[in-house]
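Participant: This is what each chain is made of:
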Amino acid sequence: MASRLPIYATTGQRIWFYTFRLICGLVFFYLIFPILIIIPLSFNAENFFTFTPEMLRLDPEGYSLKHYRDFMGANGDYSWIQALTNSLIIAPLATLLAVTLGTLAAIGLTQPHVPFRKQITALLISPMIVPLIITSAGMFFFYSRPFGFSDLGLQGTYAGVVLAHAALGIPFVIITVTATLSSFDNSLTRAAANMGANPVTTFFRVQMPLILPGVISGGLFAFITSFDEVVVVLLVGSAGQKTLPWQMFIGLREQISPTILAVATILVVISIALLTTVELLRRRSERMRGMTPG
Amino acid sequence: MSDASLDAPVLSADGKPLKQSLNQALRKQKIRALILIAPLLVFVMVSFVAPIGSMLMRSVQNTAGVDYIPDLMPNVVASIKDWDPRSGETPPEEVYRGMAIDLAAAFENRSHTQLGRRFNYESPGFSSLFRSAGRPVSRWDLENDGPFKEKFLDLNDDWGNIEYWASIKANSGYYTTSYFLAAFDAERTSEGIRFKDPDQRIYQKLMLRTLGLSLLITFCTLALGYPVAWLLADLPVRTSNLLLILVLLPFWTSLLVRTSAWKILLQDQGVINNFWVWLGFAERLPLINNQTGVIIAMTHILLPFMILPLYSVMKTIPPSYLRAAKSLGASNWTAFWRVYFPQTTAGIGAGALLVFILAVGYFITPELVGGADGTFISNRIYFQFAVSGNWGLAAALGTLMLVVILVLYYIYDKLVGVDNVKLG
Numbered sequence: 001m002a003s004r005l006p007i008y009a010t011t012g013q014r015i016w017f018y019t020f021r022l023i024c025g026l027v028f029f030y031l032i033f034p035i036l037i038i039i040p041l042s043f044n045a046e047n048f049f050t051f052t053p054e055m056l057r058l059d060p061e062g063y064s065l066k067h068y069r070d071f072m073g074a075n076g077d078y079s080w081i082q083a084l085t086n087s088l089i090i091a092p093l094a095t096l097l098a099v100t101l102g103t104l105a106a107i108g109l110t111q112p113h114v115p116f117r118k119q120i121t122a123l124l125i126s127p128m129i130v131p132l133i134i135t136s137a138g139m140f141f142f143y144s145r146p147f148g149f150s151d152l153g154l155q156g157t158y159a160g161v162v163l164a165h166a167a168l169g170i171p172f173v174i175i176t177v178t179a180t181l182s183s184f185d186n187s188l189t190r191a192a193a194n195m196g197a198n199p200v201t202t203f204f205r206v207q208m209p210l211i212l213p214g215v216i217s218g219g220l221f222a223f224i225t226s227f228d229e230v231v232v233v234l235l236v237g238s239a240g241q242k243t244l245p246w247q248m249f250i251g252l253r254e255q256i257s258p259t260i261l262a263v264a265t266i267l268v269v270i271s272i273a274l275l276t277t278v279e280l281l282r283r284r285s286e287r288m289r290g291m292t293p294g
Numbered sequence: 295m296s297d298a299s300l301d302a303p304v305l306s307a308d309g310k311p312l313k314q315s316l317n318q319a320l321r322k323q324k325i326r327a328l329i330l331i332a333p334l335l336v337f338v339m340v341s342f343v344a345p346i347g348s349m350l351m352r353s354v355q356n357t358a359g360v361d362y363i364p365d366l367m368p369n370v371v372a373s374i375k376d377w378d379p380r381s382g383e384t385p386p387e388e389v390y391r392g393m394a395i396d397l398a399a400a401f402e403n404r405s406h407t408q409l410g411r412r413f414n415y416e417s418p419g420f421s422s423l424f425r426s427a428g429r430p431v432s433r434w435d436l437e438n439d440g441p442f443k444e445k446f447l448d449l450n451d452d453w454g455n456i457e458y459w460a461s462i463k464a465n466s467g468y469y470t471t472s473y474f475l476a477a478f479d480a481e482r483t484s485e486g487i488r489f490k491d492p493d494q495r496i497y498q499k500l501m502l503r504t505l506g507l508s509l510l511i512t513f514c515t516l517a518l519g520y521p522v523a524w525l526l527a528d529l530p531v532r533t534s535n536l537l538l539i540l541v542l543l544p545f546w547t548s549l550l551v552r553t554s555a556w557k558i559l560l561q562d563q564g565v566i567n568n569f570w571v572w573l574g575f576a577e578r579l580p581l582i583n584n585q586t587g588v589i590i591a592m593t594h595i596l597l598p599f600m601i602l603p604l605y606s607v608m609k610t611i612p613p614s615y616l617r618a619a620k621s622l623g624a625s626n627w628t629a630f631w632r633v634y635f636p637q638t639t640a641g642i643g644a645g646a647l648l649v650f651i652l653a654v655g656y657f658i659t660p661e662l663v664g665g666a667d668g669t670f671i672s673n674r675i676y677f678q679f680a681v682s683g684n685w686g687l688a689a690a691l692g693t694l695m696l697v698v699i700l701v702l703y704y705i706y707d708k709l710v711g712v713d714n715v716k717l718g
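Quick mapping for you: the protein sequence lines, in order, are chains A and B. Here this note's numbering is used: the first residue of the first sequence is 1, the next is one more, and so on. Here this note's numbering is used: the first residue of the second sequence is 295, the next is one more, and so on.
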């Protein structure tokens, strides 16, 4: 498959070329359509999940911010805002924990001589692979009565949810930070040490600024993991820790309310912002890699 | 190194033999690396490995509520040992007496209903049997009111049912295999272990459905992802980076947003069906609360996990190979099938395994768009866990799923290497 059609292409090749492009175009459409379609739908003035005739005529009457006002609690129901607050408490804490421990461990893992490196990496990545329902059920058993001993007191608490979410975010931090570190030039730390910097100074002044893009990307992944997680909250959390995804899940399973369209749109905007940040960081890190030899 | 070094060891600056001092330095490096990893390792052990361990334990622990059965029914457990269900006779008076003592004690702690619920998992009917017996038994004079066998039979004829007593005897230890038997749709009868009737084998059916649908979804993502990854690898970097955003945006978008989008789109009165009717079709398509809905939504959600590994492999294949094959006289198909495709198998393996592993454990999407016939084993685990409260069975099903996932993860590690996982 050539990216450009040569002038000597036969009719058959031309047909195939355009068919292939059409297929790819349809797949791209399938990928992006469901995400983009909810944005205009969320401005629906009615409580419908489809375009009303007014909307199709582009009549301003058909559009409104009703669902966004409901999200903010205009109808007297503050549960969405409460859920958002909970999410914004839990996700940053889980991210902080995952990034701190994950970055340290990633630095350790990329040292030249690490016993059991493969096994340790496999273990640290496994929270990403093990199905959430298993992890959450295990956490429920462990938090309430580990191995039949006394209660840990973590069931239905913020601490319990934060710990669980941090564990789920760790693989992402490990993956992104080790990827950045693999291209980190270790002679820089030796040079710093040579010039009299102690290990802590070396870490914060030399190594950290260079691997920061990877750390931030990992942090964003960890954040979105926690911000988007529902099964753990469902099983380990209690009514006090209702997060945004929890509220969405319950809303979708029971009485589906159009406010969900507004929430979904807000979350899509957040993911666009995160994606842009990660892309910019990746480019920056590639540029910086170009600067260092090797 | 010269021969002289064999006799006189090379010394380092501080006078120690070089070998020893190198070993020391190596050991120091290893320890330093482990110290950096240790906090996270401890954290993961406590917050992830231990919970999974306690789930594994729970799948074999024989408990009612939080207490073990032998602790709740010490007298029954001690006396029922000598009774053989195959004798065809009800247990001796001693067992009934033990049951009276244990039930009275359990009634005092209000745990007799939990006992009933525990044995109800084995044979339905236990729950009401225990619940109704609690109060009368607590009024009996346990010293003088014997014989208890008749008193129990006066309460309910089922106390004379040998199958019930056999089931108590089979589950009188601290550990039990009955949850795993249930997870395999088997049951213990007085003649031994056998599978349930084919129309009652719900878990086998669910496991097969989970594996089958996951396989189908993996195939769909491959069929849709392969051409797209190829196009991306083939286009100039500037264009492909732009198109890659169309793949990465869904990847970054909340799973719940994508699932709710599909739930909204696929409804009977949703955008797709309205469009379908507008095109002139009379019948609305049943797209949601069935397997079709699950396949459409999960293929969409997992597609980036297929495209990204494929793309990263295809990017490394020089386009000149295909041109060379064609200039040597290969047809388009031969050039693709004999030259290009074999080079992409690593990417196919990586993507397909990842998608399959993720699909097998899916919970949210099947729960929301799957309806009755589109649910996965995860949904059943959640149901047993949160709705029926049969934690042992939930743990046993979870353990079985975990085994499957770990085997796949091991293959993935061998094939791709876990340190080669890339994100975005």
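No lab work stands behind these hints: they were computed from the structure. Among these hints, one or two may not hold up.
Cβ pair distances, simulated, as ranges [as the list claims (entries may be wrong)]:
(1) B:Ala332 with A:Glu46: 33 to 43 angstroms
(2) B:Glu402 with A:Glu46: 30 to 40 angstroms
(3) A:Asn198 with B:Leu510: 29 to 39 angstroms
Residues of chain A placed beyond 12 angstroms of chain B at every Cβ, according to the derived structure [what the hints assert, rightly or not]:
(4) Tyr63
(5) Gln111
(6) Lys118
(7) Leu132
(8) Pro199
(9) Leu212
Computed from a prediction, not measured in an experiment: that's the story for all the values here. Every residue, glycine too, gets a C-beta built ideally from N, C-alpha and C.
Participant: All the hints need checking, so say for each whether the structure fits it.
Facilitator: Going through the hints against the structure:
In this structure the hint that alanine 332 of chain B and glutamate 46 of chain A lie 33 to 43 angstroms apart at CB is violated, the actual value being about 58 angstroms. Distance hint check for glutamate 402 of chain B and glutamate 46 of chain A: the Cβ-Cβ separation is about 60 angstroms, which falls outside the suggested range of 30 to 40 angstroms. In this structure, asparagine 198 of chain A and leucine 510 of chain B break the distance hint of 29 to 39 angstroms, their C-beta atoms being roughly 58 angstroms apart. Distance check for tyrosine 63 of chain A against chain B: the nearest CB is about 16 angstroms away, which clears 12 angstroms, and the non-interface claim stands.
For glutamine 111 of chain A, the non-interface assignment is contradicted: its Cβ lies about 4 angstroms from the closest Cβ of chain B, within the 12 angstroms cut-off. The Cβ of lysine 118 of chain A does not lie farther than 12 angstroms from every Cβ of chain B; its closest approach is about 8 angstroms, which violates its non-interface assignment. Look at leucine 132 of chain A: its CB is around 6 angstroms from the nearest CB on chain B, not clear of 12 angstroms, so calling it non-interface is violated. Under the 12 angstroms C-beta cut-off, the non-interface status given to proline 199 of chain A relative to chain B is violated; the minimum distance is some 9 angstroms.
Look at leucine 212 of chain A: its CB is around 17 angstroms from the nearest CB on chain B, clear of 12 angstroms, so calling it non-interface holds up.
When held up to the earlier numbered hints, the structure conflicts with 1, 2, 3, 5, 6, 7 and 8 and fits the remainder.
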